[in-house]
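Chemist: The listed protein sequences correspond, in order, to chains A and B. With our numbering, the residue at position 64 of the first sequence is 64, and numbering never jumps. With our numbering, the residue at position 526 of the second sequence is 526, and numbering never jumps.
A portion of the hints provided could be inaccurate.
BS3-like mimics (lysine-lysine), calculated; alpha carbons at most 25 Å apart, straight line [stated by the list, open to error]: (1) B:K345 x B:K419; (2) B:K117 x B:K16; (3) B:K419 x B:K187; (4) B:K16 x B:K497; (5) A:K20 x B:K187; (6) B:K506 x A:K30; (7) B:K187 x B:K281; (8) A:K72 x A:K20; (9) B:K281 x A:K20; (10) B:K70 x B:K16; (11) B:K70 x B:K117; (12) A:K30 x B:K345.
Just so you know, the hints here were simulated from the structure itself, not pulled from any lab data.
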Amino acid sequence: MSTDNTHGGTHTAHVSHHFKDATQEYDSGKQGIWLFMVTEILMFGAILVGYGIFHVLYPAMFAEGAKELDWKLGFINTLVLIFSSFTMAISIQLIQRNKTKQAAIALATTILCGAIFMVIKYFEWTHKFHLGFYPGRYLDLAKTGAEHANLGMYFGFYFCMTGLHGLHVLIGMGLIAWLLIRTIRGDFHSQYWIPVEGVGIFWHIVDLIWIFLFPLLYLVG
Amino acid sequence: MGNTSAHGENYLNHEKGLWSWLTTVDHKRIGLMYMITVMTFFFIGGIMALLLRLELFAPNTVQGVGQVLKNGDIYNQVLTYHGAIMVFMVIVPGIPAILGNFFLPIHLGAKDVAFPKINLLSWYCFMAGAALAIATFFTHKIDTGWTFYTPYSIRTGTATVLMVLGAFIMGMSSVLTGLNFIVTVHKLRAPGMTMHRMPLFVWALYSTAILQMLATPVLAITLLLLAAEKIFGVGIFDPALGGDPVLFQHFFWFYSHPAVYIMILPAMGIVSELISTFSRKVIFGYTAIAYSSLGIAAVSFFVWGHHMFVSGQSATAGIIFSFITMLVGVPTAIKMFNWVATLYKGSISFESPMLYALGFLFLFAIGGVTGIMLAVLPIDVHFHDTYFVVAHFHYVMVGGTLMALMGGFYYWFPKMFGKMFNESLARLSFVFIFIGFNVTFFPQFVLGAMGMPRRYFDYIPAYENLNKISTVGSWLILTGFLIGLYTIVQGIRKGEKAPMNPWGAKTLEWQTSSPPPHFNFDVEPVVTAGPYEYR
Ligand code: HEM
Ligand SMILES: [Cu+2]
């Protein structure tokens with residue numbers, strides 16, 4: 001067979017049976033994750049289109065909604081995520097140089113950042129509920145003293161968009177935890193790091209999406 | 001190249017037991033698992049179709065047969081399940097998940113798809129989504145029609161949320177399959193297998209996969225928002241909260257129109273294979289056919305508005321969408337002419353797969369032409385939501401996609417199971433299905449032109465005769481499918497052993513044993529020529 005596993009070196013790369021060599025496996029994996037990211041971006045893209053349309057239709061109502069959000073908290077969260085993207089990128093670098101221990105620390109930091117992000121989100125959400133800012137028909141018009149009767153729609157968008165994004169952050173944290181375990185176990189090294197890179201790309205995209213959501217929700221209007 | 005495997009070992013007997021199937025990552029076995037599940041769903045959806053037709057056999061004033069489904073609510077539910085099952089569980093996954101999974105890697109000379117585990121995962125997603133969707137049948141039945149139009153779908157007390165989540169998960173399955181195919185095509189081709197040597201079926205699957213990747217996420221978010229609307233009342237699609245139900249339609253059709261091509265492109269791929277093989281000729285205009293698939297995929301994104309000519313979108317939008325919709329006719333016609341040119345002066349043999357291919361040409365031509373008619377704004381305003389539309393999409397989906405699926409299935413049956421089926425029975429089955437199909441659906445064009453609306457469970461006496469004919473046709477189709485089922489079961493159980501290449505075809509799958517070994521080829525093939533080098 002033309003596909004015997006004949007790689008030299010101390011680390012025998014992990015190559016699945018249906019690939020010819022590690023390069024082919026690496027290229028395929030990378031293309032796969034990028035294609036998957038395209039679908040993620042399109043998914044968020046559609047909801048952004050909806051947001052844009054209604055923003056044009058009800059500018060005053062959207063302005064009223066945006067006023068209620070705390071841009072400072074949003075800004076802190078933006079910084080936290082950017083930093084986490086940085087530690088994520090570092091972890092791949094470290095694994096490629098066989099610095100497993102530091103890589104594990106970098107991954108753990110990334111998870112921690114994700115957790116901080118979610119905690120801040122949690123306080124933002126509960127605060128909104130406290131004030132009566134529920135989505136759509138549940139918005140408490142009397143309690144909030146809303147000027148626009150359909151202000152609930154703005155919060156419909158807010159909770160859907162940040163909720164969906166938050167879900168992605170949670171999934172990302174789960175994936176990175178899985179990477180962390182495997183890193184400590186020594187699965188990754190200078191010859192093999194496809195999963196780390198894949199999850200890394202996912203994490204960067206999730207950050208990137210937040211970088212779109214933040215100004216649109218908190219600042220515009 | 002590819003002599004029969006040493007100890008008669010193949011993918012079917014490579015491992016044994018149900019568990020080895022449920023955990024398999026072999027694309028061929030996954031293809032068969034899809035086959036069994038999709039056939040089951042087709043059976044369920046088919047029974048519902050028969051019930052609908054039975055109800056429409058006579059007006060409701062007629063005791064007994066005119067009241068099979070008791071009342072309009074039940075009719076609406078059965079209609080919804082029939083539509084949703086047939087679309088999301090049969091026709092969309094059908095060809096790619098069954099035949100695509102099985103043959104795409106073999107066509108490329110690869111050992112498997114790029115991500116075998118994800119391939120298995122997508123089967124489980126499909127099953128989970130289908131289970132959720134069908135579960136609604138046992139709780140609060142859903143009656144929105146498969147399009148889930150707002151605001152009705154957020155007002156009705158039925159299980160919209162569960163159904164929509166089911167469709168979402170099946171959508172994920174579709175995305176994962178598409179992703180797998182794209183990467184497989186890009187990265188796993190055997191030496192010498194250039195893009196322009198790929199069989200046209202692969203080109204069609206490739207274009208379909210692109211559509212799946214680009215369109216499905218939009219449906220996914222639309223369905224999620226619909227679920228959120230129903231649970232939390234977020235106000236985006238609900239006019240009472242300032243939202244816009246027409247936006248839902250825009251989002252929905254931005255996916256679902258391209259989805260129509262997710263349904264038909266793979267069928268066109270199969271037809272290209274069949275026509276070339278059974279006319280013993282190089283396919284005419286290989287590149288034109290290959291790129292017209294991509295062309296159809298591209299144009300299909302800009303035509304969704306033709307579903308909304310009467311929804312209150314602006315007249316300008318209507319005119320633009322009408323025009324672009326007609327453009328889809330161009331790449332489609334290119335394919336049609338190339339197939340006919342291939343047939344011309346070919347030595348045609350009328351084996352059952354070829355009968356299905358010719359059936360496809362005939363029925364799809366009618367479906368396509370009536371599609372162009374519906375693209376004409378004033379005609380659609382007249383025919384909108386009448387039986388003309390029902391006839392049109394059944395000609396495309398059943399007459400087109402299902403015909404090709406059946407043709408492809410008979411064509412590849414010897415390869416998949418290593419057995420031959422009874423050719424006369426297969427032809428008999430075709431004759432029943434083909435005639436039954438036309439008897440069922442052609443009268444519906446006339447009914448539609450006479451003004452009979454769709455999605456109604458009763459009608460005025462003037463429509464009665466044509467409806468009777470249509471219902472009788474549905475029994476002919478049933479007979480045809482039962483004969484087909486018998487042929488298949490009989491073939492698998494008692495069929496003669498199939499040779500490596502029973503049809504004398506040229507593509508790679510015929511260069512390996514029937515059924516193929518676990519890794520598809522005993523020796524990795526090296527490709528030196530195009531897929532249809534007959535003369
Ligand atoms: C794979 C095959 C089929 C597909 C994909 C399919 C798809 C559909 C769809 C999408 C609808 C529309 C539902 C709606 O408007 O909400 C529909 C309606 C219907 N189908 Fe099918 N169908 C298939 C086969 C059949 C067969 C074989 C029959 C009859 C023997 C049939 C009979 C009907 C009837 C009577 C309706 C109701 C039309 C109306 O009241 O608007 N279908 N089908
Ligand atoms: Cu359409």
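Chemist: Would you mind marking each hint as holding or not holding in the structure?
Modeler: Now for the hints, and whether the structure bears them out:
1. B:K345 x B:K419: Cα-Cα ~31 Å, so violated.
2. B:K117 x B:K16: holds (19 Å)
3. B:K419 x B:K187: violated (32 Å)
4. B:K16 x B:K497: holds (21 Å)
5. A:K20 x B:K187: holds (10 Å)
6. B:K506 x A:K30: violated (33 Å)
7. B:K187 x B:K281: The given pair, whose Cα atoms are some 29 Å apart, is violated under the 25 Å limit.
8. A:K72 x A:K20: violated (52 Å)
9. B:K281 x A:K20: violated (34 Å)
10. B:K70 x B:K16: violated (48 Å)
11. B:K70 x B:K117: Given pair K70 of chain B, K117 of chain B is violated - Cα atoms ~46 Å apart, limit 25 Å.
12. A:K30 x B:K345: With a Cα-Cα distance of about 47 Å, the restraint between K30 of chain A and K345 of chain B is violated, given a limit of 25 Å.
Checked against the numbered hints listed earlier, the structure breaks hints 1, 3, 6, 7, 8, 9, 10, 11, 12; every other hint is satisfied.
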